[in-house]
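**Student:** Chains as they are written, first to last, in our numbering: chain C, 1 to 273; chain U, 1 to 307.
What the hints contain is simulated information worked out from the structure, not anything from laboratory work. Just to be clear, a hint being listed does not mean it is correct.
Here are the simulated BS3-like pairs of lysine-lysine, each with C-alpha atoms no more than 27 Å apart in a straight line [claimed, not checked]: (1) Lys208(U) - Lys288(U); (2) Lys2(C) - Lys63(U); (3) Lys100(C) - Lys208(U); (4) Lys225(U) - Lys215(U).
All of these numbers come straight from a predicted model, not from anything done at the bench.
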Amino acid sequence: MKLLAIIQLTFRESLARKTFIAFFGLSTLVNLLFLFALNLDIVDGAESYISLFGKEIDQAFELEKIVYGIESVVAVGLFTGGLFMSLFATSSLIPAFLEKGSIDLLISKPLSRFTILAGRYLGAVAIVAFNVFYLVGFSWLILSFKTGVWNFGFLLAGVMIVLTYAILYALMAFLGVTIRSGPFSLMITYAILFFSPLLLQREAIYALLSGKFWGYLLDFLYHFLPKTTELGNITRMLVQHAEIASWLPALTSLLFGALMFAAASMIFKRKDF
Amino acid sequence: MYVVETDNLTKYYSRGKIKALEDFTLQVEKGKIFSLLGPNGAGKTTLIKVLLGIVFPTRGSAKILGEDISNAGAHSRVGYLAENHRFPEFLTANQVLFYYGKMSGVEPALLKERIPQLLKLVKLENWGDTKIRKFSKGMMQRMGLAQALSNDPDLLFLDEPTDGIDPVGRREIRDLLKNLRDRGKTIFLNSHLLSEVERVSDEVAILKNGRLLQKGTVEEMVSVKQQFTLQLAEGYDLLQALCAELALPLVSQNGSFIVSVRDDAQLNHLIDKLRERQVLIRGIVPRKITLEDFFIEVVEDKEVAAP
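With these hints in hand, go ahead and build the complete structure from the sequences.
**Tutor:** As structure tokens, then:
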């Protein structure tokens with residue numbers, strides 16, 4: 001119950017932020033677009049008329065492909081823009097609660113320090129999950145009811161997006177506890193997000209490097225850091241029911257998240273406030 | 001039973017450059033209002049923070065409510081009003097008490113019952129649905145006090161509770177603290193307002209540079225041993241002559257005389273001599289100083305005494 005109180009408080013705090021209100025507004029807009037702008041007229045299981053924004057869509061497309069395509073656009077949009085906004089909106093949650101007068105009160109409660117940090121972390125993940133599933137869940141329902149194509153891969157993509165956020169937020173929690181600066185932890189996390197495609201293409205970069213050391217360093221960074229590009233690809237493939245060649249990038253990224261959160265907890269447990 | 005016990009508690013900051021607490025040993029009895037006094041940077045807030053696990057001691061040990069300070073479980077019976085506390089500003093007064101009470105382990109149903117009572121207790125009963133960002137400093141302080149009481153604690157740590165509160169509000173808080181003490185609660189108070197402390201405290205400790213200088217009851221601190229103020233209708237010359245004869249130090253102050261005696265027998269001997277000479281005595285009062293006088297005396301004295 002005590003942990004729940006921190007999660008609820010963090011959830012409310014996030015909800016009060018304008019970025020999440022904007023996120024929520026955008027999600028509502030997308031859902032309304034799907035609800036009113038996409039018109040499907042299905043006869044005997046096959047579509048006889050499909051229109052989007054009032055324009056007829058080429059009948060040559062298979063309905064399933066269209067639905068997968070729309071859901072892919074939503075999933076990829078959420079994976080990039082949604083994650084970007086969510087990280088931005090939650091970047092100050094950890095440093096803010098570590099401020100004097102705020103953390104003192106929390107530690108004076110009958111809660112372990114681990115519970116306090118975990119509550120804060122889970123609260124941030126909960127608000128992002130709420131926003132992601134508000135968009136994914138509703139658009140999935142609308143599209144599924146309108147087309148009859150029930151793509152559960154789209155829901156799994158939602159899980160993947162939240163999981164990616166949780167991994168990146170573990171890093172932000174670590175940086176927040178260590179440096180206590182929201183903007184700094186945000187910059188580092190964005191850097192990892194943006195350098196991920198480069199690290200994936202590291203073999204192409206080897207030729208440009210002057211020594212082996214840089215190659216080893218790139219290899220280390222690739223294996224150690226979360227592989228957001230691959231996580232994005234997995235998300236897209238989940239929506240499109242494509243075969244996922246390897247789950248290893250997801251597993252190693254999860255391991256990175258767990259490691260970051262464990263390190264954040266260890267530091268938080270020993271810190272004077 | 002002691003509700004707060006420390007044994008050679010020491011806290012250094014910046015790798016020993018700042019000595020916030022130095023071999024601090026203290027016991028606080030149950031059901032008392034205990035006040036900690038000291039100049040700025042004496043270590044008062046650090047002591048509370050160590051006791052509540054907010055900072056870790058460098059060495060030594062401490063217990064609150066019989067439990068080691070490393071056990072956060074004991075905090076379910078503890079209330080804390082931090083100096084410059086901050087609550088999330090988007091919450092209303094009711095919500096602050098609900099969430100923070102819940103974190104203290106109070107059942108939501110009980111909290112819903114208790115919140116109106118708490119707000120009434122701190123005179124904020126009409127502000128329950130108002131966002132706390134609209135509160136004045138004094139109201140925030142009352143809010144902090146209500147929050148500290150949300151779990152009906154046995155031990156209450158209050159760091160500058162009357163900060164920003166007007167004189168009427170201060171008296172209300174004083175009455176509230178006395179009422180809590182009468183209900184068996186222990187109150188551990190940090191305050192700069194010595195007159196407040198004097199009025200409300202049962203026991204006082206004076207701290208400087210992280211060391212305990214003095215500890216005792218307010219009565220012990222403000223009364224000056226074997227010094228009496230004599231008020232006479234006449235015969236001051238005679239008093240001066242008698243004191244000179246008996247070798248008793250005598251000081252004139254605001255129309256009265258302060259005489260220092262060895263013991264009660266010597267005082268009675270002086271009175272007998274005065275009465276023998278038909279001197280009319282209006283009053284003999286054991287001399288008292290204010291807690292502020294005592295505090296300054298102790299702090300400055302130890303400062304001079306320090307090498």
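**Student:** So which of those numbered hints doesn't the model satisfy?
**Tutor:** none
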